[in-house]
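Participant: Fit chain V to the supplied structure of chain P, relying on the hints for placement.
For the protein sequence lines, the chains are P and V, in the order given.
Note that the first sequence covers residues 1 to 186 in the numbering used here.
Note that the second sequence covers residues 1001 to 1597 in the numbering used here.
Simulated from the structure, these hints should not be mistaken for laboratory data.
Some hints could be false.
[Claimed, not checked] Result set (BS3-like, lysine-lysine): computed pairs, CA atoms no more than 27 Å apart in a straight line:
no., chain 1, residue 1, chain 2, residue 2
1, V, K1310, V, K1225
2, V, K1225, V, K1354
3, V, K1225, V, K1317
4, P, K16, V, K1354
5, P, K16, V, K1187
6, V, K1187, V, K1059
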Amino acid sequence: MNAPILRTFVAYVEDKPGVLNRIASLFRRRNYNIVSLNVGRTHEEGVSRMTFQMEADDDSAMRIEANLYKMVNVLSIEDLTQVQRVVRDLALIKVAATPERRGEVLQLVDIFRARAVDVSPETLTVEITGDQDKIQGMVNALRPFGILEMVQTGTVSMSRGPQGRAAQVAHSPSGTPQASRLVAAE
Amino acid sequence: MEPAHSNPSTDPSAGRPTAEPRQLTGSEILWDALVNLGVDVVFGYPGGAIMPAYDAMIKYPIHHVLVRHEQGAAHMADGYARVSGRVGVCVATSGPGATNLITGIATAMMDSTPMVAITGQVPSGLIGSDAFQETDITGVALPVTKHSFLVTRPEDIAQALKEAFYIANSGRKGPVLVDITKDAQQKSCLYSFDASPVKLPGYRPEPELVPGSIQQAAAMIAAAKQPVLFCGHGVIQGNATEELLALIDKTKIPVAATLLGLGGFPATHPHALGMMGMHGEAWVNQAIQESDLLIAVGMRFDDRVTGNLKTYAPNAKKIHIELDTAEINKNVRVDLPLVGDCKAILRQLLPAVKAPSIEAWLAHIGDMKGESAVIDIQELPDNGKLYAAHVIHDLWKLTDGKAIVVTDVGQHQMWEAQYYKHDFPRRLVTSGGLGTMGFALPAGIGAKFGKKDAEVWVIAGDGGVQMTAAELTTIAQEGIKVNLAIINNGYLGMVRQWQQFFYGGRYVATPMKSPDFVKLADAHGLLGLRATTRAEVNEAVKRARAHDGAVVIDFRVEQEDSVYPMVPAGADLHDMIRRPKREATEHNPIYETGEDK
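Excised from the complex, chain P in its bound form (with noise of 0.2 Å):
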């Protein structure tokens, strides 16, 4: 139960200057390691989403989530590892494909329901959705003809079922009382 697991968070966080900087300064101060982040506005104005990953076991999800709660402008923090979700990764990949080759490449790209965005005379780019061990095996599987560039979005995260908190925390006066979830006997 305590070995450290990658987590999967979801903060709902106020667009505010400065705010994605406090969040980055208390991750490196209480040595979090971050493997993935992702921030952007959602439907409500003036929420932002902020989706992150690390490696932690209960004890530290657990303190991760309360230090974030305490921030002033973080509205709402959930832990998603645990719960039914959506877990997707954009990735685009440059990767070397001369005229003769570019159809093996398309080939691959099929099998993996991955699509074609742009062809050169020497290259051919790829966009991929879906999780990490999706994009890795593309990554494999490209990476004998040769990867030129590649970019990744960061990993999003969305539970199945019913409406998010975004606006919940964007019009209660009091955000979501949470604390008492934290630290509910196990």
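Facilitator: Below, chain V alone, put in the same frame as chain P:
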């Protein structure tokens, strides 16, 4: 007992009739807002980027204490806050003025002191250009503040201050920085103070209790055979002394205190054990190790308190009453966390608890205490020299245990904790978490402003006092009576002690020459005294108390004396270095303080 000070910004009754909006400069808004927030004294130092604010200050009923170094301003605000329970305010200019505050801000952060630090910043158009005296102070201060604001428009100044005061003094308290650009101070806007409560959607300072947990705690207490309750800083900051007393009167559970918790529960109460931890008394640490239930109130299981975590109180169930969720299970795994305001939780707990049967346990602790006291009396080196313990014990007796004592960091701090018995909250001011040398003298000045009719004694070592000795001039300029007791042993004593114990006795960079402190006092127009024997201690303290003005006393104490008992860093809590055995059999009353009331 000090009354609880409510935060003016959140007290609805404080809503004075809203004045008609007026056209004011940002500087005027700054002071008007501070007056509305209940501020009557600030500690600061002027400079270029904060000059407009200083220029406007004169129009407002706020006393400004001119410090000699901005670090002093932050420590003064800290001392003021700890004694009064109100938010302490310090002011500095941009760049070096702001960076000089950092040690004081970090000290306040570690000890959860409510403080608002106001700094000037270069004009907003110059931010990022490496302008003269520009420092990204909100960036620098980020890890050592509870929150911070960068204000670039006069319209935002009052709101930022209001939020800063609310954040600083609610939940787990702490320092908040408000950095205001020079142009925001100079520009004008329509303004009236808005006294409505602060709304911060992401800030929930007081978490709600898990239903049923009070009953669970009561059941654990009723079943305990060997319980110990811990009184931490939270008891003092949460003004929960009365509630704690009521709980102990009902349950008779013995109470150990952390360094910052001293005074939260009366030291001379029959169920008070004393201080726990690295320099806690042997019976206290032994009782903790043998206990079957620890009830920790407003403390965070700091490493100086627990020793080796693997062997810490191995048979004890743990109840943790704590305001900060992030402290739960951080160092010590607890069985029942009660997250919330300790005053409210103790109030709920009181009717639910039943007194456990612990007569045998109390008798056992009494035996350990007696054994310790006897050994300690025999082991005291008594050869007519002056020991720091003498000084502090006598100071305690002569001040009737009622002075506000402000200590620095090191040996004298631990001796103070051992020998000055604090029976009242908010009368010991010390830097616990950060352990900041140089804290005492400025914090003592702040304490005096926090409680003007109190007798304030600053106790500092010869090392620490030299770090901020320039603030003696502040005492002189303000004409306040703050007595300074220098425990002068010619060494950086605590480091010397560690060198003696753990570094083969190599005294590297610890022997220290000091100025003639009597002459130094004289140079400031203060009374300087010296004591080298125990008889002179009495005389000097009496003379200092009777003197109309600040007094500096140079206590020349035994040079190579050490603080005992001691749990070496990281050792098991019961693995203490006890007071050394000596041949002398003559009793020395200092070690009889267990009985010497």
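Participant: Each of the hints needs a verdict: does it hold here or not?
Facilitator: Evaluation of the provided hints:
no., hint, result
1, V:K1310 with V:K1225, "23 Å, holds"
2, V:K1225 with V:K1354, "13 Å, holds"
3, V:K1225 with V:K1317, "11 Å, holds"
4, P:K16 with V:K1354, "51 Å, violated"
5, P:K16 with V:K1187, "23 Å, holds"
6, V:K1187 with V:K1059, "17 Å, holds"
Checked against the numbered hints given earlier, this structure breaks only hint 4.
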